[in-house]
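**Q** Below, each chain spelled out in residue letters.
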Amino acid sequence: MTDELTDKLAIDFCGLRFSSPVVLLSGCVGFGEEYTRVAGFSNRDVGAICLKGTTGAPRLGNPPHRVYETPAGMLNAIGLQNPGVDRVVDEILPTLDFDETRFIANVSGSTLEEYEAVTRRFNDSPIDAIEINISCPNVKEGGVAFGNDPDMSARVVETCRAVTDKPLITKLSPNQTDIAENARRCIEAGSDAFAVINTLMGMAIDIDNRTPVIGNNQGGLSGPAIKPIALLKVHQVAQVCRAHAIPIIGQGGVTTPEDAIEFLIAGASAVGVGTALFYDPLICRRINQGILDYLDQHGLNSVAQLTDTLVLNGATAC
Amino acid sequence: MTTAKPHRGTIHLEDAEILTHEAHPGGQYILRVHSPECAHRAAPGSFAHLTCDPLLPMRRPLSIMRTDPEAGWVEFLYKVVGEGTRLLSRRQTGESISVMGPIGQPFRPRPERPRPLLLGGGVGIPPMVFLADALRREPACKPLVMMGSEVPFPFTSRPSQILVPGIPDGVIAAMPLLEDWSVPSRLCSRQDFPGCYQGYITDLARDWLSALNTQHLQEVEIFACGPHPMLEAVAKLARDYDLPCQVSLEEFMACAVGGCAGCTVQVETDQGPAMKRVCVDGPVFDARAVFP
Ligand SMILES: Cc1cc2nc3c(=O)[nH]c(=O)nc-3n(C[C@H](O)[C@H](O)[C@H](O)COP(=O)(O)OP(=O)(O)OC[C@H]3O[C@@H](n4cnc5c(N)ncnc54)[C@H](O)[C@@H]3O)c2cc1C
Ligand SMILES: Cc1cc2nc3c(=O)[nH]c(=O)nc-3n(C[C@H](O)[C@H](O)[C@H](O)COP(=O)(O)O)c2cc1C
Ligand code: FES
Numbered sequence: 001m002t003d004e005l006t007d008k009l010a011i012d013f014c015g016l017r018f019s020s021p022v023v024l025l026s027g028c029v030g031f032g033e034e035y036t037r038v039a040g041f042s043n044r045d046v047g048a049i050c051l052k053g054t055t056g057a058p059r060l061g062n063p064p065h066r067v068y069e070t071p072a073g074m075l076n077a078i079g080l081q082n083p084g085v086d087r088v089v090d091e092i093l094p095t096l097d098f099d100e101t102r103f104i105a106n107v108s109g110s111t112l113e114e115y116e117a118v119t120r121r122f123n124d125s126p127i128d129a130i131e132i133n134i135s136c137p138n139v140k141e142g143g144v145a146f147g148n149d150p151d152m153s154a155r156v157v158e159t160c161r162a163v164t165d166k167p168l169i170t171k172l173s174p175n176q177t178d179i180a181e182n183a184r185r186c187i188e189a190g191s192d193a194f195a196v197i198n199t200l201m202g203m204a205i206d207i208d209n210r211t212p213v214i215g216n217n218q219g220g221l222s223g224p225a226i227k228p229i230a231l232l233k234v235h236q237v238a239q240v241c242r243a244h245a246i247p248i249i250g251q252g253g254v255t256t257p258e259d260a261i262e263f264l265i266a267g268a269s270a271v272g273v274g275t276a277l278f279y280d281p282l283i284c285r286r287i288n289q290g291i292l293d294y295l296d297q298h299g300l301n302s303v304a305q306l307t308d309t310l311v312l313n314g315a316t317a318c
Numbered sequence: 001m002t003t004a005k006p007h008r009g010t011i012h013l014e015d016a017e018i019l020t021h022e023a024h025p026g027g028q029y030i031l032r033v034h035s036p037e038c039a040h041r042a043a044p045g046s047f048a049h050l051t052c053d054p055l056l057p058m059r060r061p062l063s064i065m066r067t068d069p070e071a072g073w074v075e076f077l078y079k080v081v082g083e084g085t086r087l088l089s090r091r092q093t094g095e096s097i098s099v100m101g102p103i104g105q106p107f108r109p110r111p112e113r114p115r116p117l118l119l120g121g122g123v124g125i126p127p128m129v130f131l132a133d134a135l136r137r138e139p140a141c142k143p144l145v146m147m148g149s150e151v152p153f154p155f156t157s158r159p160s161q162i163l164v165p166g167i168p169d170g171v172i173a174a175m176p177l178l179e180d181w182s183v184p185s186r187l188c189s190r191q192d193f194p195g196c197y198q199g200y201i202t203d204l205a206r207d208w209l210s211a212l213n214t215q216h217l218q219e220v221e222i223f224a225c226g227p228h229p230m231l232e233a234v235a236k237l238a239r240d241y242d243l244p245c246q247v248s249l250e251e252f253m254a255c256a257v258g259g260c261a262g263c264t265v266q267v268e269t270d271q272g273p274a275m276k277r278v279c280v281d282g283p284v285f286d287a288r289a290v291f292p
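For the record, the sequence lines run as chains S and H.
For the first sequence, position 232 matches number 232 in UniProt numbering, and the numbering has no gaps at all.
For the second sequence, position 272 matches number 272 in UniProt numbering, and the numbering has no gaps at all.
A hint or two may mislead.
[To be verified] Derived CB-CB ranges, DEER-like:
(1) H:8 <-> S:17: 42 to 52 Å
(2) S:298 <-> H:150: 51 to 61 Å
(3) H:199 <-> S:211: 25 to 35 Å
(4) S:113 <-> H:288: 38 to 48 Å
(5) H:190 <-> S:211: 39 to 49 Å
(6) S:17 <-> H:40: 38 to 48 Å
(7) S:258 <-> H:272: 45 to 55 Å
(8) S:16 <-> H:274: 26 to 36 Å
(9) H:40 <-> S:286: 48 to 58 Å
(10) H:110 <-> S:16: 23 to 33 Å
(11) H:272 <-> S:211: 51 to 61 Å
(12) H:55 <-> S:211: 21 to 31 Å
Derived by calculation from the structure, the hints in this document are not laboratory data.
Glycine included, every Cβ here is placed at the ideal spot set by N, Cα and C.
Looking at chain H on its own, in the form it has when it is part of the complex (with noise of 0.2 Å):
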């Protein structure tokens, strides 16, 4: 009677044991656990659901920003800014947390697009660092990054020496993990960090796209994780240059396998609105359908 099930046993629950854990300025870690199923099977977008501690009733969501499926480990980058997140930035190296995951819609690049732009703002830097990496092994695919951070980010950059028309002179500051995969990216921030973009990242994105030939701009795909206005204003650009657009979406969540419906955003869809669940309807969502 029933029909095959494809969506059953797609996310796994797995005692990860937490290989390393650095802490960064800005209350910022990035996190490596031993966890291989879900590094195994993991998509860029895709998240985890995490036990910070046990003490806590539920878990806390967090993006994938790198996964090495032949090593088993997937890595988190996150910012500590309430009770979960402080609880487990004390884990230590050794100690195991529960790692649910992979979960959700990963984004879709268009293969038609070679000249996607990925733009991260704060900590939804981590899924454009894993897009990045999948993207790069694309043969004729160009990608840029551009990341945002009000707090320093959580590497030390270094002078960019791949060259990209359109950035303003000055603007040399690169993550090095992308600079290593030959990959361009510029660093923005409203504060004064040295050799990067002083103000908003859709203004550096705009200074790009402004720069790009017709045939060029029709190559331009953009993708965008970041703090809700960053993301309502990326789908600004999106519209004005007529581009394709995916944005990663944040919300509260308790089970995280779309059992719960508490996460869900509003959308507009060709029947009307309609409420998704940013758990595993998204967390990829069209721009357009959130920000008609």
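Next up, chain S with everything else stripped away, as it sits in the complex (with noise of 0.2 Å):
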């Protein structure tokens, strides 16, 4: 990969140009900068990077365990550990270098005042997107306890979108039992993009001392294990984005170009990693690699050409 990514591998999201459709997941590159210490690692190789989750007043997130490794993923419940909005915006974002890459806000909440609160706070900075998480499966309130109700994730995205003219994406749970239904009531309600999906709910137990490994007893569970749900869904919320062009970053279990290229194949617009940069924090090279490979392969110009060109079997069952 040389370090100018070529035109053919960016993408246009809401208005913003990403210079690749790989887009570095919140939670778990802190705040854009941690993953820098690695020699070889570049901001600059993805086309977006969302900030961790990001709550009015400062958090100081659940007990440890936080993290474990389970088959083919992990469990996580940081409990959405960050120094609050105002710390974010006033001491965090001046450091970042705008000029590598696009950078998105993750807003959290309990209550709907504090989506607000947060929101506006990041529209009036510099930042160029905003994730709103209604997903997060690790915190008593908020959280997904909004994201599983449509009504509630309307709400919030509302409540959102009244003080922001920045692009909007909300992030969808896979915890859910209509995530389409969800996805077309935030539509409505004024959401500009989707991220789609964030952790299953999960559990792992220690059978030693009969307690659950996580700190928190649940956590969210990330990483390959999740990629076939991730992928059913994120073709799901597509049929409903399609004739609103709303664009999808498409996520859960990335780990291979070809695991993007399937997402971008269900109705990705751009690919979110994040648990397979914990194994190979190099990764988003070889798959901005690999999609521009299969691109030239398949005589196309653009990854644009090649989202949401899913073609289902003929089968109608189910």
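Using the hints, build the complex out of the two chains.
**A** Okay, structure coming up:
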């Protein structure tokens, strides 16, 4: 991969130019600088970086253990540890280099008022876009409790929409009955884009102590284990988005270029990478190269030409 | 607009060839890999994040025990406790694993305390060996190392030729490598291992500290790595003698570069409780911040 990504990989995302469809996911890369510790890693290799979930007041997060490996994935229950929106905007954003990539805020809250206040604060900042996290499974209030109820989801989106003109991305939970219906309601409420999916709720048990391994008892499952579920959810949400030209950041277990290509075909315009970074911090370069090779091999000139090109089989059962 | 970013590019990813991989009793292994960047930059207390097997989605953190920057190797000592370390133990000489390191804030010995006491329990031994190697090169520094293990030590101990006042009679077993470096060491276990102190490492440390005169006592600083209860006991010991103490902590990790906040521990700061990441804010912390 050359240092400068080729135009072929670039996408338009809600009017923003992403130099690559690869997006680093919230909660996996801190506030945008952490992975630059790794020699050879560059923020320029990705189209955008979603910052850690941010709330109104600072949060200390959950007790240990917060992460645990599971078959083909991991559980996490960080509990939205963050310094609060004021410090993020006043102290962290000024240290980021917005020439390198796009930075997306990830907003969380326990109440509608908190979502509103945090979004308003980010609206008045250099951040490129705002992702509303209504799907965090690791906090007692808000988060997934909002995201699993289409009425509440729509109210959160509406509330945030009223206070920002930046691109608004709603991050949907897979832990709900009808994700497509939820997406439809969020579009009506003013969502510009979707992130699909957040983690699935899960548990691991220490059989010696008969206690959950995770301090929070339950956690969010991510990594390759959730990829088939994520692909189906992207496909389902894409049905609703198509008519409105609403883009999706597909995510959940992306580990190889082929995974990323699957998500694009299923309907995603961009592809998120989180857990896979923990094994291979330089994976985004390989994914970029793999997508580029695929485009070349298939005579495609842009990533957009690949998005939402799934050809369903004729079978109608289920 | 942006200021210089000194953290950038400090952790290296290397495909590291396994040079030697020795099995020791108690499921312990000493692994030496060719990892020149890591060898060059590591400091006592640093660790690396290793791939044990492509089948596993996560890496595993291991402390660095020794390095040879010229030859470009890094050595680890680990114990098999679960699937990751079990798969790692099967990797053969000549195979390659991915080593990401060095990571973390190292021990920072105070030069005004030239009698460091290094306490390593179980797989907390490796960083103490690394620290001893660094301290022995400091003129006028007189480190003493105590190691505890409930399984046989991953080396054949030998009777120490270096007299240490305050150590009970008969407690003579030492680590040969440290003897060769002229660094005194003593071994402890609750098992009945010959020449070892039979009991807790903190009890042996207390014996030694009690025998020091006031001036020498003020020259002591304690460094420790080992199981949590041991570190808690070490922190108490340091408080009892009013000594500075640095401890190296373990917590489950995902990224090991500060990105996921998965490895945090609560510490006391002047501003109240704060969450610190073991991977990049630690693994070495002031004992008083961790055990207030
Ligand atoms: C900074 C640091 C330095 C370490 N240095 C050494 C060392 O030098 N020698 C050594 O033998 N061990 C060391 N450990 C502990 C070692 O990382 C664990 O024993 C190892 O991760 C266990 O993996 P497993 O798959 O065999 O065990 P399992 O219990 O099956 O692991 C399951 C999951 O829990 C995590 N986990 C379990 N125990 C620990 C633990 N104690 N610390 C961190 N994660 C854990 C694993 O990483 C894995 O994700 C260190 C840990 C840390 C954080
Ligand atoms: C350690 C960790 C922390 C996370 N924190 C957040 C968060 O703060 N906000 C959020 O919207 N999603 C969070 N997520 C979810 C991810 O952004 C992503 O949606 C999910 O992990 C699926 O992608 P993956 O399988 O590639 O990791 C977190 C995931 C992990 C593993
Ligand atoms: S392991 Fe991710 S922050 Fe330490």
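**Q** All hints are to be evaluated individually against the structure, with a verdict given for each.
**A** Status of the hints after comparison with the structure:
1. H:8 <-> S:17: 42 to 52 Å: Given about 24 Å between the Cβ atoms, the range is violated.
2. S:298 <-> H:150: 51 to 61 Å: 60 Å, holds
3. H:199 <-> S:211: 25 to 35 Å: Cβ of residue 199 (chain H) to Cβ of residue 211 (chain S): about 30 Å, so the range 25 to 35 Å holds.
4. S:113 <-> H:288: 38 to 48 Å: 39 Å, holds
5. H:190 <-> S:211: 39 to 49 Å: At 26 Å between Cβs, range violated.
6. S:17 <-> H:40: 38 to 48 Å: About 39 Å separates the Cβ atoms of residue 17 (chain S) and residue 40 (chain H), which means 38 to 48 Å holds.
7. S:258 <-> H:272: 45 to 55 Å: The hinted range 45 to 55 Å holds for residue 258 (chain S) and residue 272 (chain H), with Cβ atoms some 48 Å apart.
8. S:16 <-> H:274: 26 to 36 Å: Holds, since residue 16 (chain S) and residue 274 (chain H) (Cβ atoms, about 35 Å apart) stay within the stated range.
9. H:40 <-> S:286: 48 to 58 Å: With a Cβ separation near 26 Å, residue 40 (chain H) and residue 286 (chain S) fall outside 48 to 58 Å, so the hint is violated.
10. H:110 <-> S:16: 23 to 33 Å: 51 Å, violated
11. H:272 <-> S:211: 51 to 61 Å: Given range 51 to 61 Å: violated, Cβ gap about 29 Å.
12. H:55 <-> S:211: 21 to 31 Å: Since residue 55 (chain H) and residue 211 (chain S) have Cβ atoms about 27 Å apart, the given range 21 to 31 Å holds.
Violated hints for the displayed structure, listed by number in ascending order: 1, 5, 9, 10, 11.
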